[in-house]
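Participant: Take these sequences, add in the hints, and give me the full structure.
Those protein sequences? They're chains A and B, same order as listed.
Per the numbering used here, residue 1 is the first one in the first sequence, and the count goes up by one each step.
Per the numbering used here, residue 1 is the first one in the second sequence, and the count goes up by one each step.
Honestly, the hints are just simulated from the structure, not real lab data.
Every value quoted in this text rests on a predicted model; they were computed, and no experiment measured them.
The C-beta atom is built at its ideal place from N, Cα and C for all residues, glycine as well.
Chain B stretches covered by chain A per the calculated footprint, using a threshold of three residues with CB under 8 Å from any CB of chain A:
#1 76 to 85
#2 95 to 102
#3 139 to 150
#4 153 to 165
Heads up, simulated SDA-like pairs for lysine to any residue below, C-alpha to C-alpha not over 25 Å straight-line:
#5 A:Lys138 x B:Leu174
#6 A:Lys110 x B:Glu17
#7 B:Lys259 x B:Asp191
#8 A:Lys42 x B:Ala48
#9 A:Lys107 x B:Ala90
#10 B:Lys110 x B:Leu43
#11 B:Lys213 x B:Val192
#12 B:Lys19 x B:Ile198
#13 A:Lys19 x A:Ser251
#14 B:Lys247 x B:His260
#15 A:Lys42 x A:Ile221
#16 B:Lys138 x A:Asn137
#17 A:Lys42 x B:Thr45
#18 B:Lys42 x B:Asp65
#19 A:Lys25 x A:Asn139
#20 A:Lys3 x A:His201
#21 A:Lys42 x B:Ile53
#22 A:Lys185 x A:Lys247
#23 B:Lys46 x A:Leu51
#24 B:Lys46 x A:Ser154
#25 A:Lys107 x B:Asn137
#26 B:Lys107 x A:Asn134
#27 B:Lys107 x B:Ala66
#28 A:Lys46 x B:Ser154
#29 B:Lys138 x A:Thr126
#30 A:Lys107 x B:Asn134
#31 A:Lys42 x B:Lys46
#32 A:Lys247 x B:Gly153
Number of protein chains: 2
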Amino acid sequence: MEKLYIIKIGGNIIDDEIKLSSFLKVFAAVEGKKILIHGGGKLATKMASQLGIEQQMIDGRRITDAETLKIVTMVYAGYINKNIVAQLQANHCNAIGLSGADGNMIKAHKRKHNTIDYGFVGDIDTVNIDLLQNLLNKNMSVVAAPITYDECGSLLNTNADTIAQEMAKAMSSLYEITLIYSFEKNGVLLDVNDDDSIIPHINSVYYAELKKKQLIFAGMIPKLDNAFAAVANGVHTVIIGKAEELKELISGTTGTTIKHE
Amino acid sequence: MEKLYIIKIGGNIIDDEIKLSSFLKVFAAVEGKKILIHGGGKLATKMASQLGIEQQMIDGRRITDAETLKIVTMVYAGYINKNIVAQLQANHCNAIGLSGADGNMIKAHKRKHNTIDYGFVGDIDTVNIDLLQNLLNKNMSVVAAPITYDECGSLLNTNADTIAQEMAKAMSSLYEITLIYSFEKNGVLLDVNDDDSIIPHINSVYYAELKKKQLIFAGMIPKLDNAFAAVANGVHTVIIGKAEELKELISGTTGTTIKHE
Chain A
1 MEKLYIIKIG GNIIDDEIKL SSFLKVFAAV EGKKILIHGG GKLATKMASQ
51 LGIEQQMIDG RRITDAETLK IVTMVYAGYI NKNIVAQLQA NHCNAIGLSG
101 ADGNMIKAHK RKHNTIDYGF VGDIDTVNID LLQNLLNKNM SVVAAPITYD
151 ECGSLLNTNA DTIAQEMAKA MSSLYEITLI YSFEKNGVLL DVNDDDSIIP
201 HINSVYYAEL KKKQLIFAGM IPKLDNAFAA VANGVHTVII GKAEELKELI
251 SGTTGTTIKH E
Chain B
1 MEKLYIIKIG GNIIDDEIKL SSFLKVFAAV EGKKILIHGG GKLATKMASQ
51 LGIEQQMIDG RRITDAETLK IVTMVYAGYI NKNIVAQLQA NHCNAIGLSG
101 ADGNMIKAHK RKHNTIDYGF VGDIDTVNID LLQNLLNKNM SVVAAPITYD
151 ECGSLLNTNA DTIAQEMAKA MSSLYEITLI YSFEKNGVLL DVNDDDSIIP
201 HINSVYYAEL KKKQLIFAGM IPKLDNAFAA VANGVHTVII GKAEELKELI
251 SGTTGTTIKH E
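Facilitator: The following block contains the structure:
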């Protein structure tokens, strides 16, 4: 099977122009087929506050009302997505920036919840693997914004980690997938205060043990659950580590690796 | 040669949610291959003023400084483009929304001018006909935002009429092109105050005569010059008329038609 890298970058690198630019240079140079999924960064929050739109959060999740949806669509699918694409083009990587609505890439539905109305937040139903395969075969690298849509024509706000996971799972029928979650830490750490305490490999037994002993930092659990769900559903390898070290993450010299068992 | 419709809609329809939605229903139902190019509308100006960014205009053209570029990228390539795409998808038209940077669709350069610095305004160099043909062959309808880019990775603001013209010219090597400029009038009018005074057909001789007699409304001249440049460069037919009458424009029962001579 041919290899495909699906790489997710988070807000911390998007907010840092210099770090983002050097990350994109490395991404552009990654050989073979690749997809980039980006999160949001602080610009949406900043814009919303400048425009006097109040942000509501429940359990660390943004409640997306109509005005917030407008802002995130502008910032994520417009400003961030197009700037990443233009920079990749300048680095000789033929990128194409898409939201979930484009080419029917990711269809979702509005989140249903008994007590909380999350507003325009989308839970993913389908990923259009034919579209992605066609674009990759034409040597394009897809840059996906964390915006999906539903069949009524409403755009929806969707977590970028989830998009990366769902895309990786769906594309695993066509490619050997390496899914890279890059963030601000060096990998999964045994001691959150010690950047060198990277756990190089975790399997499901070891993960259960670490969780039982409460050795996993709470903030890491959704990311790791995501990773294990991915490898349990056909993804070959998940790597978690620092965006600035993308090259080393790919070569396997740093970060935390989770393999299909 | 297979037919391709390239349809441009302007700001007046984009600003009107109801008109836009009914236009998109008709666009979705147009049979065969089609591309939609949209302009900006008033949202960018409104957002800029809410954010305290002053707009500079020279000869009716927006001077695009870095802050304005940020706004137009967000509004045109983000909000407007993605909402059009999501609505088309809901109408069973598999749309894909792109800026010039996406898939290297439209490469441009910063406008050079002896006395005026237009800022981040792009004049078009190349249109990627392979990309467009590939997407059209996969039954996708491209929705192009009026944003291009240069080889340094800078996004650029580009007039949507010009994008439509350049795209139509470039694609005329592959398709029989009908280029439709839709705007707020019924077509080219002999008397601007009489909506029924549509000139159904204009050729270059008649156009020269009308211009000489000053019978063409000044605001129409750039649009008509654009149309004649298109038919002089391979475009089969240009139709100018009202967005609300797209169906009738295509069937030839209203609007002004300019044919390749």
